[in-house]
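Asks: Fit chain B to the known structure of chain A by using the hints.
Heads up: the protein sequence lines correspond to chains A and B, in order. Residues 88 to 496 (our numbering) are what the first sequence spells out, left to right. Residues 396 to 557 (our numbering) are what the second sequence spells out, left to right.
It is worth saying that the hints were derived from the structure and are not from the lab. A couple of the hints might just be wrong.
As the list claims (entries may be wrong) - Computed Cβ-Cβ distance ranges for the label pairs, DEER-style: (1) T410/B <-> E274/A: 35 to 45 angstroms; (2) P270/A <-> K474/B: 41 to 51 angstroms; (3) K100/A <-> E517/B: 31 to 41 angstroms; (4) K545/B <-> D193/A: 54 to 64 angstroms; (5) R106/A <-> A526/B: 47 to 57 angstroms; (6) R106/A <-> Q462/B: 27 to 37 angstroms; (7) S407/A <-> P478/B: 51 to 61 angstroms.
To be verified - When the alpha-carbon atoms are kept at most 27 angstroms apart in a straight line, the in silico BS3-like pairs for lysine-lysine are as follows: (8) K545/B <-> K491/B; (9) K475/B <-> K155/A; (10) K475/B <-> K160/A; (11) K160/A <-> K426/A; (12) K155/A <-> K474/B.
From a predicted model like this one, the values you see are computed outputs, not experimental measurements. The beta carbon of each residue, even a glycine, is placed where N, CA and C say it ideally should be.
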Amino acid sequence: MSQIEEVSIEKFKHLVSARALTGETMLLNMGPQHPSTHGVLRLLLELDGEIVVNCIPDIGYLHTGIEKNMEAKTYQKAEVMTDRLDYMNTMGNNLAYVMAVEKLVDLDVPARAQGLRVILTELQRIASHLVWLGTSGLDLAAMSMFLYCFREREQILDIFELVSGQRMMTTYFRPGGVWRDVPVEFEKAVRDFIKIFPKRIDEYESLLTKNPLFIDRMVDIGHLSKEVALQYGVTGPSLRASGVNWDLRKARPYCGYEQYDFNVPTRTEGDTYARYLVRIDELRESLKIVEQALNKLPLGPVRSENRKFVPPPRSEIGVSMEALIHHFKLWTEGFPAPKASVYSAVESPRGELGLMLEGDGGPKPLRVHLRTPSFDNLGVLSQIVKGHLVADLVAILASIDIVLGDIDR
Amino acid sequence: MGVEQKLGNMGVVTTTLETMVNWSRTNAMWPMLFGLACCAIEMMSAQASSYDMSRFGMELMRASPRQSDLMIVAGRVSKKMGPVLRRLYDQMPEPKWVIAMGDCASCGGVFNNYAIYQGVDEVVPVDVYVAGCPPRPEALIHGVLTVHEKVKGEKFKDLAKS
Numbered sequence: 088m089s090q091i092e093e094v095s096i097e098k099f100k101h102l103v104s105a106r107a108l109t110g111e112t113m114l115l116n117m118g119p120q121h122p123s124t125h126g127v128l129r130l131l132l133e134l135d136g137e138i139v140v141n142c143i144p145d146i147g148y149l150h151t152g153i154e155k156n157m158e159a160k161t162y163q164k165a166e167v168m169t170d171r172l173d174y175m176n177t178m179g180n181n182l183a184y185v186m187a188v189e190k191l192v193d194l195d196v197p198a199r200a201q202g203l204r205v206i207l208t209e210l211q212r213i214a215s216h217l218v219w220l221g222t223s224g225l226d227l228a229a230m231s232m233f234l235y236c237f238r239e240r241e242q243i244l245d246i247f248e249l250v251s252g253q254r255m256m257t258t259y260f261r262p263g264g265v266w267r268d269v270p271v272e273f274e275k276a277v278r279d280f281i282k283i284f285p286k287r288i289d290e291y292e293s294l295l296t297k298n299p300l301f302i303d304r305m306v307d308i309g310h311l312s313k314e315v316a317l318q319y320g321v322t323g324p325s326l327r328a329s330g331v332n333w334d335l336r337k338a339r340p341y342c343g344y345e346q347y348d349f350n351v352p353t354r355t356e357g358d359t360y361a362r363y364l365v366r367i368d369e370l371r372e373s374l375k376i377v378e379q380a381l382n383k384l385p386l387g388p389v390r391s392e393n394r395k396f397v398p399p400p401r402s403e404i405g406v407s408m409e410a411l412i413h414h415f416k417l418w419t420e421g422f423p424a425p426k427a428s429v430y431s432a433v434e435s436p437r438g439e440l441g442l443m444l445e446g447d448g449g450p451k452p453l454r455v456h457l458r459t460p461s462f463d464n465l466g467v468l469s470q471i472v473k474g475h476l477v478a479d480l481v482a483i484l485a486s487i488d489i490v491l492g493d494i495d496r
Numbered sequence: 396m397g398v399e400q401k402l403g404n405m406g407v408v409t410t411t412l413e414t415m416v417n418w419s420r421t422n423a424m425w426p427m428l429f430g431l432a433c434c435a436i437e438m439m440s441a442q443a444s445s446y447d448m449s450r451f452g453m454e455l456m457r458a459s460p461r462q463s464d465l466m467i468v469a470g471r472v473s474k475k476m477g478p479v480l481r482r483l484y485d486q487m488p489e490p491k492w493v494i495a496m497g498d499c500a501s502c503g504g505v506f507n508n509y510a511i512y513q514g515v516d517e518v519v520p521v522d523v524y525v526a527g528c529p530p531r532p533e534a535l536i537h538g539v540l541t542v543h544e545k546v547k548g549e550k551f552k553d554l555a556k557s
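Bound-form chain A, shown alone:
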């Protein structure tokens, strides 16, 4: 705190138009504490009356130093950090990380673990979209959406708690598989959800999709063209709503996504309403994947047998000297990874989540870097809000679905 640098305002004058300097337009701060910035984002707005002339996002209010912290931990222990990145998509973050570790040390993953990973990541995607739907409904004064969406989200969190003991920060996926097999109640809990959820999506749609007030706020607002989206590296539902059919689950299948039959919803309009429709369709598609993966889920081990990287089960430790040694080595030193750099990417609810992992021969990563979707998606905001009203800015910001933990990390 003691070394705060004096920053001259001259450096920032080019960010606003000349009219702001004469006082013709008004500069206004939105955030960091503002209910509709979905976290601690600060937007510096240049307003002409109620029209947004310029919008400058100021990020870093949640900078946590996660990448640096991961470098100080062994490969097993660094995983808990990934949960706290994008806290709506904890399973997906774990997946990106464990896939990178598996690629780095060339570790096999049993088929049952792959199936479980798919089921849980897709449930997480549904949970994330539900939070988005609830909060963006709240932003547009559709209060009841929030209550309905969180009702279903609790059901998903109960499933997570069942398998991992935690509601949000699960750390359930581990390099070489998953933490432990799911309990017997798991299948029934997921089947109950699959049975109940399609009706609930219809319920959300009956409240919003044809609602004239909602359409007035959403249609033709925040138009994002295909070209601009590609230039800014926008991914995820925001890109697919602009007419680009790009989904890593189809384009670069991982975890056995190629076995499942699902569509990638796309729209061509590129406005806020299209982004809403794409996400609603994704809820249905994700549910389809969950159902297929559950039907196909094979029996068998859930963790790799490679004892150099995967700790042995508890039951073996008491009877096998080898197992005890492996357990001791893995939890004191960790496992060494070769000098190499790998990149793994998964389709998070917000877009392409990539993780670069560099090993230096020791048990700790030399460098971890994340390509987080919200960061790139936020970049396009200042382009698409120009000329809209401040009230529309709230709708647009909600529609690109940013998570500040994902941006600032």
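Replies: Coordinates of chain B only, in the frame set by chain A:
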């Protein structure tokens, strides 16, 4: 329209002004709508259908610090956010209370590094710490009820001193 019309004359209750004021403060405590990180999502869950904080008179989250009595610091506080948090706290009218929700706000949690305050008590005075990463909504509700207990035991003369 209240219960007194149905029951007629309800008689008289004697109590101290202190008890009366403290009781009324606990039953209409408005938290500030202020989420930082992961814990904010659990705070939203606590407000939503399954847990329903309105049972404790707290369904109304105020977006403005000027209208709220309780600050729930839900999440990690970075060095950049610290001054903002302090300013929000200063803008809240007295009497005010603070809950540090979650491990990060209580003690820095897993983030022992250059970017995060090792506990929000370095920035604002904290009344109740809620443990967990993130705490379950029940844990937050328990924290809120603990604040209520604390408020019920407050003495006017202590407030005058501070």
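Asks: Decide, hint by hint, whether the structure agrees.
Replies: The hints, checked one at a time:
no.	hint	result
1	T410/B <-> E274/A: 35 to 45 angstroms	56 angstroms, violated
2	P270/A <-> K474/B: 41 to 51 angstroms	42 angstroms, holds
3	K100/A <-> E517/B: 31 to 41 angstroms	35 angstroms, holds
4	K545/B <-> D193/A: 54 to 64 angstroms	56 angstroms, holds
5	R106/A <-> A526/B: 47 to 57 angstroms	51 angstroms, holds
6	R106/A <-> Q462/B: 27 to 37 angstroms	34 angstroms, holds
7	S407/A <-> P478/B: 51 to 61 angstroms	56 angstroms, holds
8	K545/B <-> K491/B	12 angstroms, holds
9	K475/B <-> K155/A	17 angstroms, holds
10	K475/B <-> K160/A	25 angstroms, holds
11	K160/A <-> K426/A	17 angstroms, holds
12	K155/A <-> K474/B	16 angstroms, holds
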